[in-house]
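Using the sequences and the hints, build the whole thing.
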Amino acid sequence: MPKSTERAHAKLLWDAACERIAFALEPPPELGKLDPPINLQEAIQIAQAALERLRDAYSPEDSPP
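If you're matching positions, the sequence shown starts at 364 in our numbering and goes up one per residue.
Hint data in this document are derived by calculation from the structure and do not stem from the laboratory. A quick note: this is a predicted structure, and the numbers were derived from the prediction, not measured. Hints are all accurate, no fakes.
The calculated lysine to aspartate or glutamate pairs, modelled on EDC-like cross-linking and capped at a C-alpha distance of 16 Å, are: (1) Lys-374 to Glu-415; (2) Lys-374 to Asp-419; (3) Lys-366 to Glu-424; (4) Lys-366 to Asp-419.
Pair by pair, the computed Cβ-Cβ distance ranges are: (5) Pro-399 to Glu-424: 33 to 43 Å; (6) Leu-375 to Ile-401: 15 to 25 Å; (7) Ser-422 to Glu-393: 31 to 41 Å; (8) Glu-389 to Ala-412: 16 to 26 Å.
Idealized CB from N, CA, C, for every residue including glycine.
Rendered as structure tokens:
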């Protein structure tokens, strides 16, 4: 995958993970009662994975993974 595509995808994953955490902390009223509700621990794990992906996407080309 080209580096620019990898970076764009990593940014989207990070944005989605941040929204998921925000919804877990304070669900918007228009969402009503979610069944099941968004789990904060799961949202944090997803954000950690997204952050790793972002870090990898922006690491220099010649650095080891």
